[in-house]
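J.: One-letter residues, chain by chain:
There are 2 protein chains.
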Amino acid sequence: MEKQTVRVGLMGFGTVGTGVVRIIQAHQEDLQKQTGLGIEISKILVQNAEKSRSIPSMEKIVTTDVHDILDDEGIDVVVEVIGGISQAKDYILAALDRGKHVVTANKDLMALHGGEILQKAEEKGCDVFYEASVAGGIPILRALVEGFSSDRITKMMGIVNGTTNYILSKMSQEGADYAEVLKEAQALGYAEADPTSDVEGFDAARKMAILATLGFRVPMKLEDVDVKGISRVSKEDIAYGKKLGYEVKLLGLARRDGEAIEVSVQPTMVAKSHPLASVNGVFNAVYVHGEAVGETMFYGPGAGELPTATAVVSDLVTVVKNMKLGVNGRGMVAPYKEKILKEDSQKLSKYFLRMVVADKRGVLAQITQLLAEKNISLEQVVQQPYNNGQQAEIILVTHSAAKGDMDAVLTYMEEMDIVHEIKSCYRVEGGE
Amino acid sequence: MEKQTVRVGLMGFGTVGTGVVRIIQAHQEDLQKQTGLGIEISKILVQNAEKSRSIPSMEKIVTTDVHDILDDEGIDVVVEVIGGISQAKDYILAALDRGKHVVTANKDLMALHGGEILQKAEEKGCDVFYEASVAGGIPILRALVEGFSSDRITKMMGIVNGTTNYILSKMSQEGADYAEVLKEAQALGYAEADPTSDVEGFDAARKMAILATLGFRVPMKLEDVDVKGISRVSKEDIAYGKKLGYEVKLLGLARRDGEAIEVSVQPTMVAKSHPLASVNGVFNAVYVHGEAVGETMFYGPGAGELPTATAVVSDLVTVVKNMKLGVNGRGMVAPYKEKILKEDSQKLSKYFLRMVVADKRGVLAQITQLLAEKNISLEQVVQQPYNNGQQAEIILVTHSAAKGDMDAVLTYMEEMDIVHEIKSCYRVEGGE
Numbered sequence: 001m002e003k004q005t006v007r008v009g010l011m012g013f014g015t016v017g018t019g020v021v022r023i024i025q026a027h028q029e030d031l032q033k034q035t036g037l038g039i040e041i042s043k044i045l046v047q048n049a050e051k052s053r054s055i056p057s058m059e060k061i062v063t064t065d066v067h068d069i070l071d072d073e074g075i076d077v078v079v080e081v082i083g084g085i086s087q088a089k090d091y092i093l094a095a096l097d098r099g100k101h102v103v104t105a106n107k108d109l110m111a112l113h114g115g116e117i118l119q120k121a122e123e124k125g126c127d128v129f130y131e132a133s134v135a136g137g138i139p140i141l142r143a144l145v146e147g148f149s150s151d152r153i154t155k156m157m158g159i160v161n162g163t164t165n166y167i168l169s170k171m172s173q174e175g176a177d178y179a180e181v182l183k184e185a186q187a188l189g190y191a192e193a194d195p196t197s198d199v200e201g202f203d204a205a206r207k208m209a210i211l212a213t214l215g216f217r218v219p220m221k222l223e224d225v226d227v228k229g230i231s232r233v234s235k236e237d238i239a240y241g242k243k244l245g246y247e248v249k250l251l252g253l254a255r256r257d258g259e260a261i262e263v264s265v266q267p268t269m270v271a272k273s274h275p276l277a278s279v280n281g282v283f284n285a286v287y288v289h290g291e292a293v294g295e296t297m298f299y300g301p302g303a304g305e306l307p308t309a310t311a312v313v314s315d316l317v318t319v320v321k322n323m324k325l326g327v328n329g330r331g332m333v334a335p336y337k338e339k340i341l342k343e344d345s346q347k348l349s350k351y352f353l354r355m356v357v358a359d360k361r362g363v364l365a366q367i368t369q370l371l372a373e374k375n376i377s378l379e380q381v382v383q384q385p386y387n388n389g390q391q392a393e394i395i396l397v398t399h400s401a402a403k404g405d406m407d408a409v410l411t412y413m414e415e416m417d418i419v420h421e422i423k424s425c426y427r428v429e430g431g432e
Numbered sequence: 001m002e003k004q005t006v007r008v009g010l011m012g013f014g015t016v017g018t019g020v021v022r023i024i025q026a027h028q029e030d031l032q033k034q035t036g037l038g039i040e041i042s043k044i045l046v047q048n049a050e051k052s053r054s055i056p057s058m059e060k061i062v063t064t065d066v067h068d069i070l071d072d073e074g075i076d077v078v079v080e081v082i083g084g085i086s087q088a089k090d091y092i093l094a095a096l097d098r099g100k101h102v103v104t105a106n107k108d109l110m111a112l113h114g115g116e117i118l119q120k121a122e123e124k125g126c127d128v129f130y131e132a133s134v135a136g137g138i139p140i141l142r143a144l145v146e147g148f149s150s151d152r153i154t155k156m157m158g159i160v161n162g163t164t165n166y167i168l169s170k171m172s173q174e175g176a177d178y179a180e181v182l183k184e185a186q187a188l189g190y191a192e193a194d195p196t197s198d199v200e201g202f203d204a205a206r207k208m209a210i211l212a213t214l215g216f217r218v219p220m221k222l223e224d225v226d227v228k229g230i231s232r233v234s235k236e237d238i239a240y241g242k243k244l245g246y247e248v249k250l251l252g253l254a255r256r257d258g259e260a261i262e263v264s265v266q267p268t269m270v271a272k273s274h275p276l277a278s279v280n281g282v283f284n285a286v287y288v289h290g291e292a293v294g295e296t297m298f299y300g301p302g303a304g305e306l307p308t309a310t311a312v313v314s315d316l317v318t319v320v321k322n323m324k325l326g327v328n329g330r331g332m333v334a335p336y337k338e339k340i341l342k343e344d345s346q347k348l349s350k351y352f353l354r355m356v357v358a359d360k361r362g363v364l365a366q367i368t369q370l371l372a373e374k375n376i377s378l379e380q381v382v383q384q385p386y387n388n389g390q391q392a393e394i395i396l397v398t399h400s401a402a403k404g405d406m407d408a409v410l411t412y413m414e415e416m417d418i419v420h421e422i423k424s425c426y427r428v429e430g431g432e
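Residue numbers (my numbering), protein chains in the order written: chain A, 1 to 432; chain B, 1 to 432.
Any given hint could turn out to be false.
Copies of the same chain are indistinguishable here, so a pair counts whether it falls within one copy or spans any two.
What the hints assert, rightly or not - DSSO-like cross-link-like pairs, simulated, lysine-lysine; straight-line CA separation at most 30 Å:
{"no.": "1", "residue 1": "272", "residue 2": "170"}
{"no.": "2", "residue 1": "242", "residue 2": "423"}
{"no.": "3", "residue 1": "337", "residue 2": "228"}
{"no.": "4", "residue 1": "337", "residue 2": "3"}
If you're looking for bench data, these hints aren't it; they were derived computationally from the structure.
Kindly generate the complete structure, drawing on both the sequences and the hints.
T.: Here is the structure:
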């Protein structure tokens with residue numbers, strides 16, 4: 001007898017888990033029409049079985065014992081939304097071992113152990129989908145794997161962390177300080193009490209590792225991503241950037257030239273004419289450049305109960321369709337290209353540089369001379385009085401320069417008497 | 001013996017056809033890795049077999065006889081990029097009859113006869129994909145069918161015609177006249193010698209019919225789409241719109257409230273804060289609102305040899321993967337919901353209205369009184385001298401009003417002595 005209903009074990013009943021249950025309940029009929037099968041949540045793994053839930057009808061199927069899900073042969077699919085790394089990894093590997101398909105929203109896990117998990121899935125002929133792990137409600141992973149399957153992606157730039165984008169947008173709109181806006185974001189629930197993972201760029205780095213792996217089809221690791229957060233972005237930098245035509249964004253960047261790849265996350269001056277510059281608040285966006293397709297951008301909510309849950313349930317629909325067709329475990333293409341990371345001399349971009357210098361004749365000439373020696377030419381230069389005219393402030397935007405050269409210049413400048421302080425240095429994107 | 005190479009019959013060797021050949025040639029190895037099968041263009045249907053081609057190696061496989069493709073049992077997939085309607089339809093139906101899968105970029109055909117073609121495909125167990133038919137390089141159809149499979153889409157707004165968006169962007173940026181910019185666009189090849197299909201909104205209407213069918217899962221027909229083009233948009237309207245915070249865009253709109261649907265294409269005042277307002281030039285964008293996911297937007301090139309060809313080849317990759325898995329003909333979900341079209345009284349939106357009136361006391365009071373009687377309230381009102389103070393100009397932005405009421409008001413105003421001319425009336429979107 002053919003299966004009529006797919007039984008799902010849900011691990012985690014927090015915000016996203018609740019959203020998953022709500023969407024499955026609300027769209028039961030639509031889901032049935034699309035997949036030809038019913039979808040039933042059979043068991044829900046929770047930490048505290050006594051806690052009352054916002055969906056009371058589900059209280060009777062909660063369990064605190066993961067084996068109630070893992071050892072139930074009638075459960076076909078595990079949806080993991082507990083988060084964290086080591087426990088989630090154990091559960092997912094155990095589920096795959098027992099032939100259960102997996103949908104997860106866990107970016108930390110997929111960025112760190114995606115390779116191992118996908119390999120196990122392949123061995124077992126199981127599906128593993130994780131659309132919700134990057135940019136919540138935006139179906140960007142499908143776009144990379146399927147929509148652009150015939151193209152060669154050369155560059156991805158992402159605003160993939162809502163917390164930092166909220167903070168930077170507010171700083172830009174209100175001319176406010178970082179510390180002030182962070183406090184406000186924490187009060188509103190947009191930033192965690194310990195905001196390190198967001199503001200230092202680690203969250204964005206995990207997502208960029210996932211995007212680069214899928215987009216470039218190389219096995220990127222988290223430690224391959226250069227990371228710098230936003231905690232040192234000042235309102236002055238934002239104001240000067242604006243004057244020169246830029247918005248500061250925490251930008252994830254994955255770029256391929258020839259076969260050499262760089263992946264990084266850093267606060268970046270984005271030209272206002274670029275569509276990423278107007279992505280504000282908690283929204284996310286991923287810009288993708290393909291050799292043939294050219295420029296595309298995907299915009300939407302990066303987090304939130306229902307957007308994330310929508311991505312999870314859409315993955316679940318794919319698993320169920322695959323079950324119906326008997327083709328699980330063959331959806332994703334494992335990375336098949338060798339990873340070649342760029343040297344710093346191959347990482348090219350424009351730079352925005354702000355520094356305080358001595359107010360003496362010839363200072364600007366010395367600075368530009370130093371840059372010229374490293375083959376760095378200038379697109380814009382502003383010099384103005386600083387500290388009541390006792391010093392001068394110089395703001396430079398360079399033409400394309402190698403990171404290695406730029407780093408060398410900065411190191412040298414630190415030692416120059418005439419350079420009193422290097423206030424900031426940003427990568428510049430989107431202005432070509 | 002299992003098949004090693006999928007043989008493709010290409011119908012059409014113009015811009016897009018050439019792009020398809022180039023992409024398949026350039027990415028042969030990548031495509032093989034992804035699908036496990038080689039992809040070979042076996043025959044190309046052309047009108048003139050003598051013409052020399054930009055890819056000379058292909059000249060030996062061109063034919064002017066469609067039966068060389070249709071009757072070749074070794075050809076598994078037909079890629080149709082000849083365009084037009086009746087011939088393309090005959091060829092596609094004939095290909096499906098012979099069990100060949102079909103990829104097409106033909107929006108005209110799919111908007112008019114999509115139902116019949118998909119039904120035939122279902123009967124024959126064949127795939128039909130048409131991602132390239134809407135918004136060229138943007139994988140929006142996949143997003144609707146798969147990415148948002150678990151959500152309920154309530155609204156789609158699209159800038160889906162590059163020609164008109166180029167014209168309106170130029171008019172906005174340069175304060176130029178419609179006729180002037182149209183001529184320029186024709187000289188640049190962005191507009192056809194006969195631009196009717198683009199500027200009168202018919203092209204956009206076809207794409208919106210396709211989007212609404214997939215997004216709402218109802219069988220929308222082209223005649224269900226209300227269409228108004230841009231040929232009467234004036235630079236004055238654009239300038240006034242800007243002052244009040246709007247950009248004029250030719251917007252395709254598909255909206256569902258409850259089960260009732262409206263689909264239209266018209267020049268629309270789009271609030272500058274909305275991401276669609278900054279989509280300029282020949283770029284396309286589709287904004288999708290889902291109940292759970294909230295706001296998303298997909299941005300990219302709407303046309304062009306390589307973007308369109310990328311979408312075609314990505315569809316071809318899906319067909320080939322499906323062949324490998326033996327699951328063709330089950331990818332798309334046929335529309336399964338009953339079509340319920342809104343009455344004009346159910347079509348709600350804000351309106352922008354500009355008119356020239358007599359410069360007499362009490363005129364504005366009479367106008368606003370008339371609107372109030374139809375329960376239309378105002379968000380913004382500007383009155384200013386016109387024609388050297390001999391008349392007055394009134395610009396109104398209403399709160400949400402029913403199209404039926406607005407039409408009645410306009411009809412009534414036409415008859416009022418104090419209203420000398422109704423200059424323009426636009427739907428307003430994106431400002432909520």
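J.: So, for every hint listed, does it hold in this structure?
T.: So, going through the hints one by one against the coordinates:
no.	hint	result
1	272 x 170	both (16 Å within a copy, 18 Å between copies)
2	242 x 423	within (16 Å within a copy, 38 Å between copies)
3	337 x 228	within (27 Å within a copy, 50 Å between copies)
4	337 x 3	between (39 Å within a copy, 25 Å between copies)
The earlier numbered hints are all upheld by this structure, with none contradicted.
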